[in-house]
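Protein chains in written order, with the numbering used here: chain A, 5 to 323; chain B, 5 to 323.
As a list, the in silico DSS-like pairs of lysine-lysine whose alpha-carbon atoms are at most 30 Å apart: (1) A:Lys179 with B:Lys300; (2) A:Lys92 with B:Lys296; (3) A:Lys101 with B:Lys298; (4) B:Lys101 with A:Lys298; (5) B:Lys134 with B:Lys110; (6) B:Lys134 with A:Lys298; (7) A:Lys298 with A:Lys274; (8) A:Lys110 with B:Lys154; (9) A:Lys131 with B:Lys134; (10) B:Lys92 with A:Lys296; (11) B:Lys179 with A:Lys298; (12) B:Lys298 with A:Lys154; (13) B:Lys298 with A:Lys179; (14) B:Lys131 with A:Lys154; (15) A:Lys307 with A:Lys234.
Hint data in this document are derived by calculation from the structure and do not stem from the laboratory.
Computed from a predicted structure; not experimentally measured.
Listed below, chain by chain, are the residues.
There are 2 protein chains.
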Amino acid sequence: MADFAIGIDIGGTNTKFGVVDRHGNILEQDRVLTNEHETVQEFIDDLHAKLTPMIEKVGGPSKFTGIGIGAPNGNYYTGNIEYAANLKWRGIIPLAKMVSEKFGLKVKLTNDANAAAVGEMMYGCAKGMKHFITITLGTGVGSGIVIDGKIVLGHDGFAGELGHTVIRHGGRLHKGTGLRGSLESYASATGVRETALELLSANPQTESLLRDYTINDLITSQTVYECAIKGDKIANDIFEFTGQILGEALANFVMFSSPEAIILFGGLTKAGDLIMNPTRQAMEDSLIQVFKNKVKLMYSELKEADAAILGASALVWEE
Amino acid sequence: MADFAIGIDIGGTNTKFGVVDRHGNILEQDRVLTNEHETVQEFIDDLHAKLTPMIEKVGGPSKFTGIGIGAPNGNYYTGNIEYAANLKWRGIIPLAKMVSEKFGLKVKLTNDANAAAVGEMMYGCAKGMKHFITITLGTGVGSGIVIDGKIVLGHDGFAGELGHTVIRHGGRLHKGTGLRGSLESYASATGVRETALELLSANPQTESLLRDYTINDLITSQTVYECAIKGDKIANDIFEFTGQILGEALANFVMFSSPEAIILFGGLTKAGDLIMNPTRQAMEDSLIQVFKNKVKLMYSELKEADAAILGASALVWEE
Numbered sequence: 005m006a007d008f009a010i011g012i013d014i015g016g017t018n019t020k021f022g023v024v025d026r027h028g029n030i031l032e033q034d035r036v037l038t039n040e041h042e043t044v045q046e047f048i049d050d051l052h053a054k055l056t057p058m059i060e061k062v063g064g065p066s067k068f069t070g071i072g073i074g075a076p077n078g079n080y081y082t083g084n085i086e087y088a089a090n091l092k093w094r095g096i097i098p099l100a101k102m103v104s105e106k107f108g109l110k111v112k113l114t115n116d117a118n119a120a121a122v123g124e125m126m127y128g129c130a131k132g133m134k135h136f137i138t139i140t141l142g143t144g145v146g147s148g149i150v151i152d153g154k155i156v157l158g159h160d161g162f163a164g165e166l167g168h169t170v171i172r173h174g175g176r177l178h179k180g181t182g183l184r185g186s187l188e189s190y191a192s193a194t195g196v197r198e199t200a201l202e203l204l205s206a207n208p209q210t211e212s213l214l215r216d217y218t219i220n221d222l223i224t225s226q227t228v229y230e231c232a233i234k235g236d237k238i239a240n241d242i243f244e245f246t247g248q249i250l251g252e253a254l255a256n257f258v259m260f261s262s263p264e265a266i267i268l269f270g271g272l273t274k275a276g277d278l279i280m281n282p283t284r285q286a287m288e289d290s291l292i293q294v295f296k297n298k299v300k301l302m303y304s305e306l307k308e309a310d311a312a313i314l315g316a317s318a319l320v321w322e323e
Numbered sequence: 005m006a007d008f009a010i011g012i013d014i015g016g017t018n019t020k021f022g023v024v025d026r027h028g029n030i031l032e033q034d035r036v037l038t039n040e041h042e043t044v045q046e047f048i049d050d051l052h053a054k055l056t057p058m059i060e061k062v063g064g065p066s067k068f069t070g071i072g073i074g075a076p077n078g079n080y081y082t083g084n085i086e087y088a089a090n091l092k093w094r095g096i097i098p099l100a101k102m103v104s105e106k107f108g109l110k111v112k113l114t115n116d117a118n119a120a121a122v123g124e125m126m127y128g129c130a131k132g133m134k135h136f137i138t139i140t141l142g143t144g145v146g147s148g149i150v151i152d153g154k155i156v157l158g159h160d161g162f163a164g165e166l167g168h169t170v171i172r173h174g175g176r177l178h179k180g181t182g183l184r185g186s187l188e189s190y191a192s193a194t195g196v197r198e199t200a201l202e203l204l205s206a207n208p209q210t211e212s213l214l215r216d217y218t219i220n221d222l223i224t225s226q227t228v229y230e231c232a233i234k235g236d237k238i239a240n241d242i243f244e245f246t247g248q249i250l251g252e253a254l255a256n257f258v259m260f261s262s263p264e265a266i267i268l269f270g271g272l273t274k275a276g277d278l279i280m281n282p283t284r285q286a287m288e289d290s291l292i293q294v295f296k297n298k299v300k301l302m303y304s305e306l307k308e309a310d311a312a313i314l315g316a317s318a319l320v321w322e323e
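Using the sequences and the hints given, assemble the complete structure.
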């Protein structure tokens, strides 16, 4: 039985990679800039050059079960990255095949949100669970759905786009998709910022620490959090509003797949109970009886810095 | 290999049952009133008395793979009917076990909406599909979700309650659940009727054939349909409105599980293109690019009179 897996997380800016053992310890890790290479092959060659000493250090390729890759628009079925808006590479890139040929190892690829879910199942708080959903509240809202212990991929590999489900008919415009009222337009970092600006402008008479941050355009979910814990009313209202919408969306997801748990991850979760409490309340209020007080709503326990590599590496342990 | 299965569909009023072959032919069928027996055991004894000659007629129990039962609040994992509001039997009824003991055959039980989905997969237009969703637009809105060729049951067996997902925040009150704006409060027979009354009352100056039906409280989705095909504006608006909401909800479901097809079934589908066209339009408008023009939206081809028995019987072929 192999002892190690390689995890590669391809982000819009950085590609992180590392050697991971079965217990989720990252033994070696490094990163490269994703878009600094002319071609995909050069990118892969660079990864290979950097990973080879790491692989040798723990005993060589025979100690490895394979390579897992999380990438935007990564398709598990095909092993391709397909039309990723944030990457320099255009069109359809057969990345899994190319990496496998270079390394001589089995390669599994999926999108980053699905990789996060597999990471939770293998190393995180979903260990032992067969039915759960992970929601990443970051720049966007990503999701990974696990049913019967398997990631839901759908007939084409693109399932699990819960951030784009509409939760407020005719609501806020999402500039990327053109949809109105989707979860991502509220529960992402961008969404929280927009809610802040809306509430400040709708309540011109209400004093708020946040007004200082508007001058140099410094409102982020982090600054909202800092103001909220100081008791700022508008900052607290922002989390109440965001949690309300998120909780309603989670209730819809529960009525779809009846998961044992929903695991939240990403920048917004740093707001702790300020976002968790209204989210849980709204979720429970929006469920029919049979689902009430059953679903564990929790924060991921994985370190954000490690989670991407762990999730990617977990893809090859999965079977 | 066994040639036949028994399908039993337990409804609020009638329990239908029959002998079905692998091709979906119902060779024998009959029905009993669901609530006319004092006890569950008497109900089962009655079913046994009526089914025994049917079983013998095609060669006896050895020719049968088992018995499938569709029932309100039927739980596949436990084989129990749990707290079904429309049935006389209270609490938790271990129906699968009781029926199996009486007949000496394997018994599988699930709720009626899941049975409908299995029926489509075995005998209907989902034959050969691994990823699809069935939506029953009847008195209520039921749903059965199939992923990787298996019914989605969730961690407790209660998954697939898509009729209760909220699609209009703060919208119409659903008297049964207390939720506001759920799909069922619009896209069910009751919902269509309520929409009709709302639109008639909101447009007092608009002539409508439907006004004649209000006198004796005769507005149903059927009468709305009859007026709509005669060109009645309000009747057509009712289907437009219903289709808009249904289509938006379907888009949310697509972004969850990325099915190959969504199959609509039940009374409302008799309105044909009047409901299909706005539904399809709204669904496509509410999808992100990667899902557009991919999902087959279709009507079930199973006869409504047969579908319940077929769906139930299909449960035992499933494996």
